[in-house]
Amino acid sequence: MIRHLFKLMWNRKRGNFLMIVEIFFSFLVLFGVSTLLLYFYTNASKPLGFKYDNVWVLQTYSNDMPDAERRERTAQLLKQLRSYPQIEHAALAGPNGPYTRSSSNTELAHDGMERTANVITVQDNAFKDVMGIEMVDGRWFNDQDAFSNRQPIVVTKDVEEAFFPGESAVGKTVMRGDTERTIIGVITAFKPTGEMDDLTSSYFERTALEDTASRAMGTIYIKIKPGTNPQFEEEVLETAANIGTGWTTDLQQMPDLRRSYLKQILIPMIIFAIVCAFLILNVALGLFGVLWHNINKRHSEIGLRRALGASASSVYKQFIGEIMVLATFGLVIGCFFAVQFPLLGIIQEVPTETFIQAILTSVFLIYTLVILCALYPSKQAAAIHPAIALHED
Amino acid sequence: MLKNYLKIAWKVLLRRKFFTFISLFGISFTLMILMVATAMVNHLFGPENPELKTDRMLYVNRLKMTGNGYTMNSNPGYYILDKYVRPLKTPQDMTFYTSDYSYNAYVNNRKLPLDVRFTDSNFWNVLDFEFVEGQPFSKGDVDGISRVAVINEATRQNYFGNSTNALGKFIEVDRTKYKVVGVVKNVAANRLYTYADVWLPYTNIKEDYRKPQFGGSFEAIILANSPSDIDNIKEEFNQAFKNVIIPGPDAANYKSVYLHADTLVETYIRGVTSAEGEISITMFFTWVTLGVLFFMLLPTINLVNINISRIIERASEIGVRKAFGASSATLVGQFLVENMILTLIGGALGLLLAQGVLAYINSSGIIPYSNLAINPTIFAYSFLICIVFGFLSGVYPAFKMSKLHVVAALKGGNV
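First to last, the sequence lines map onto chains A and B. Using our numbering, you'd call the opening residue of the first sequence number 1 and step up by one each time. Using our numbering, you'd call the opening residue of the second sequence number 1 and step up by one each time.
Just so you know, these hints were derived from the structure itself, not from any lab.
If you want a taste of the chain B side facing chain A, the calculated C-beta under 7 Å gives, among others: (1) PHE19; (2) ASN109; (3) GLU207; (4) PRO299; (5) ILE301; (6) ASN302; (7) ASN305.
Straight-line alpha carbon distances no greater than 16 Å define the calculated EDC-like cross-link-like pairs of lysine to aspartate or glutamate that follow: (8) A:LYS51 to A:GLU134; (9) B:LYS234 to B:ASP55; (10) B:LYS53 to B:GLU130; (11) A:LYS79 to A:GLU235; (12) B:LYS185 to B:GLU48; (13) A:LYS79 to A:GLU210; (14) A:LYS225 to A:GLU88; (15) B:LYS111 to A:GLU234; (16) B:LYS179 to B:ASP141; (17) B:LYS206 to A:ASP64; (18) B:LYS11 to B:GLU313; (19) A:LYS46 to A:GLU195; (20) B:LYS111 to A:ASP250; (21) B:LYS242 to B:GLU278; (22) B:LYS206 to A:ASP250; (23) A:LYS297 to B:GLU313; (24) A:LYS225 to A:GLU235; (25) B:LYS64 to B:ASP250; (26) B:LYS211 to A:ASP64; (27) B:LYS111 to B:ASP174; (28) B:LYS211 to B:ASP250; (29) A:LYS46 to A:ASP197; (30) B:LYS111 to A:GLU233; (31) B:LYS411 to B:GLU317; (32) B:LYS234 to B:GLU278; (33) B:LYS403 to B:GLU317; (34) B:LYS111 to A:GLU235; (35) B:LYS169 to B:GLU133; (36) B:LYS111 to A:ASP256; (37) A:LYS46 to A:GLU161; (38) B:LYS177 to A:GLU238; (39) A:LYS51 to A:GLU88; (40) B:LYS111 to A:GLU238.
Using N, Cα and C, we set each Cβ at its ideal position, and we do this for glycine too.
Same shape as in the complex, but just chain B (with noise of 0.2 Å):
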């Protein structure tokens, strides 16, 4: 039967040219963007290197500060990640390390601009970085204030050129020398809080780090014991943080002290909405689910407009299968099958597209060292969304199709 109706399906294909042109294009592209769509949003929230354990992190890294009048947002300092996170007993580790500075190098008298985080020893254990070459520095490293660097493959590249061997060599940042002691590969520039072009000890950092203030430039991941632990860290975590006292001159000027431990995801829900309180994951589901289908609607009713077309010209065959006895669920069941072998055709049109469109992406340094790319996550996404747009666009025609009157479908009539 199923054969069938492939037959079927693929002579209609063919019998008008132009409208399954129309069809490929349309449903091809919308595949094609969001199947992009769902590539960046797994690049972004997905375990990718070298956050590999994303089901078990908590990001430590906005803080804001309200009273008075005065709201002030920054990063949470030292003093603060060590006075109230570092007590913590529920998680299984945590590391403590800067945002992003930008330093200049300057290498046989070209810029080189590059991104440095400054971090303890604990960041190379929480975090999967691949090395290239040689080990992560230690503890010791980090204590003894040792002049050490970890850096990407893109600097050993464009600082040491075309060597395949940077250890031991020297590194300047900031006026200062640093002797390389691992290379990483490279981490996308949309990884905000691990990505970097070298990694430096945070002893390091020439400003009194110390001092007693909430701000600063830090930020922190906890590694919790397992994903269901989250919650439990997150209630200590929010326990820790009930009653700051809030040090030095900031005393006078604030009242409240908001820190939160939020997944990926949150982190940068709590960027866009800058909420105060815990981020309601449902509730951006739904949002961006909605969005979703806000997109998807207007290429559905364009498709649905022109399936009703083309089933009108089969309104004779309509008509002779129901005279013979076929039941409304038959046909439906048929059409639906039909816009769902169109949809497919499609989709596999829209993820070579978006392959190249990805390519594209990656290559065009939009996103600093991006490596887009369609994992079979992605592939069954795709497919999915594959199956929920055949659906939606062939159901409607498909109902009025079965609801046709076998002597009026007989004569050719209208639907």
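Pulled out of the complex, with its shape left as it was, chain A reads as follows (with noise of 0.2 Å):
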């Protein structure tokens, strides 16, 4: 039945040209399309590893202020800061927190493989709070670890799975280019990229803002009461400017930031995807119409066969059956094509297992989509009359 179909499809190949291009564009859009999603859906399925509500970024420049006196100051006003009740947490860290759009990401090196990841430099020991963050082995930083001679750092859990699979990975050593560096803490995950990012690693550095030989940080992250007025922001921007004499200085909240983040990467994803939808749209009304037309044209074939015997519904599967080898040829050169992306490596941020998800499911709408298509006129066509068939002719 099937290798019958082929033939005959094989057979009409030059008139049925135009649908199986067809079928063959709508297939690449739709991997596009799906790619894309898949992508961005799967990043968005592994979990943020910190909490964004209630945290605001106070940035700070010192511009042309001395190095030791803004040492002195950014403390002052960090004291001044936890001082507010309004304020449950305030930490000095570096300028790429989550969705500050700053980010920084370095290779971290062990046992002959390679991993990219995040790199946060803290200056106290409030990030963990003022972020929600959770310790799944090991601590979390204290104030000797500025000055030890081990260089400890907090990793995600990923970094240890992948570097120490099986085990704990406190207490073992990683490098960091030529320098050691000794793990002491692993936590649940920390994607300060944001849920869409694909770099799931991070790892945490301890440096203290006394010591010279360290660079001064400015950006200090608020974990405010829940409830607090948004008038307080003047007020901490007020006590900045007090305490940094010319300092400029800049205040966000991070829901706002997260806003603005998503926004960005969401409107030109909806865009195309609607626009991607409306192709399929168009395709499909199209394909519809002729089959609906093509399906019609052969009413003395289906007569006949009526006559000689075969039941309405082995037309009905004939005719849906005539439609999916169509789409099998369509579908055939599409993938020839699709799958040159994993194995030529062109994208390389997308994995391999997306890919061929993106296949999968392109493979199969297509096919809904012709079988959705061909339902109604092969439903006709199942419901001629062999006699009157015959007799039109």
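Starting from the two chains in their separate frames, assemble the complex, guided by the hints.
Put into structure tokens, the structure is as follows:
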């Protein structure tokens, strides 16, 4: 039966050429969209590892203030901020916190393996409490860690799993460049580049503000008590301006930063998806029209088959089968192009599994689409009465 | 003759309403998307408030330094512009200003984010801002470090409430009060190099912007005497940057300096490709054209498919016309005209849809202060797109039809 159908369609390949081309391009479009959506979905389904609610980010730029004075003032500002009853925690860290659009990453290495990770420098012990980071193993930093010559770091769980599968990473060392770092703690996850990003690994290092050998950080992450009046923002900025004379400061709420981050990624994606959905709808309508027309043209053939004893359901099945064979021709060519992406590694960021999922999804969608388009015309064909059909010609 | 074609076309359209609907749906949506895209591109690159003289403007805003494994991308600083760009002889005029800084102002316990640019006084000559009230700040204001500001209409509304008069009032930016001397029409946020809410004299920058280092947060726009002068300026510009000496601590880390005077389109291409050399515009347009064609491919094939189906229905008509001596060329012409009519109706629908989409984008605030609209240029482009689309989707079915053998056609045979 199936072989017969293939033969039938192969013989009519010239007449059906345009439909095959149409299905081929529809497949490519669907493959593109589903790759993109699956890529972001996979990224977004991995845990963020922090909580952004009620977190404020205070950026300070000391402009031309001498370094020593800057450090002194920053410490003073932190102390002042922590004394407010509205502030639960305040932490001094690098500028590349969650959703700040600033990022910094580096390679960690162990035993010949390399892994890219975000690196976040914290200058006190409060960052974990501000961001609601959860420990899995070991401990978070304490004041001595800044001066320890073991270069202590805290890593995310996936770094531990990659370098030390099945065992605890605490106390083990990894390499960054040619210096050794000791892992003192493991946290569940930390994705400062946001949920849509594919970089899941991160590690933290601890320096001290009073240690002039390390760079002074200027970003203060503040955890606000829930229900604090937004007016308090102004008070925080006032405090920062009074202590840091001549500084430039900027205060943002992390939920706002997240919103604009998501907007930037989601809006182009939605536009792209809408355009592609329209293309596919267009193709579906066209296929429906053409199939309807083609099947209507084959009245006498259907009449003859029915007169020779074929049941209505076998006529029905034949037409559905024909369109599926047609789709298969288009899909085979389409898949040939699609598999080049993972095979040649054209887009490095997207893992092979995502490509395979995208191909399977698109194949499934195309078959569903053509069957839906063929359903009504085939039903009509099957309902043809042999006597009437034969009479017509 | 044409009148006859029109009549036939109209009758054919009405005969098979479902097919007509599919065709029109495909055509109008395809053309709508292309029109919206054209409007967007025009909004990005075309001459628009305040950059009306885009054909005479060169933008300098991306500095790249490399060497010893280091790469730095930033805006150029005041120092490099002052030292190497200001002495250029060919330009008519030029302006130095900063990229936008964001500050929060607080009005009645409400946060009001403000995008602020620090500019020189030439900024107002090179660009054509539309002043609603007041006037720009002068060279005297800049040199005298006056605390004066030009704001846009939205800021006037948000900061001072519904009053139409903001002149002489004070606006607080980064804890400093500035006196408003002018109010301009809103500039759309996609005008990356001129857009802001507040413009201040650059001498008010708090840090030492004159310090001898190449990186910084400045930008420049160079104005040419005429569009044909653009190439001369580029040449002089590149000549000036042949032998630069990197000052300060950067000298140890960096060897090469890349700074370009680009047209507006080129700055975008450089932003995407981060190319170091000259940009090939032809290459860019080839890619864009290919992209558009690829997008139009699917709807076109779809339409061709439908058209072929519709022609088969009319095989006997074609047979009769051929039997009475109509040449293939006449038949192709007739069918193309019919298809053009269909496309133009679809195009008109698409234009209406595009208006709706653009109005929606403007009101949604996705692009702050955007005023996307269909103007004569876009309309002309859209018309061109319609013609191309109609031709592409009509020519193959028409060709197939004209090749039909008379006898077969009269019998209602297969195409």
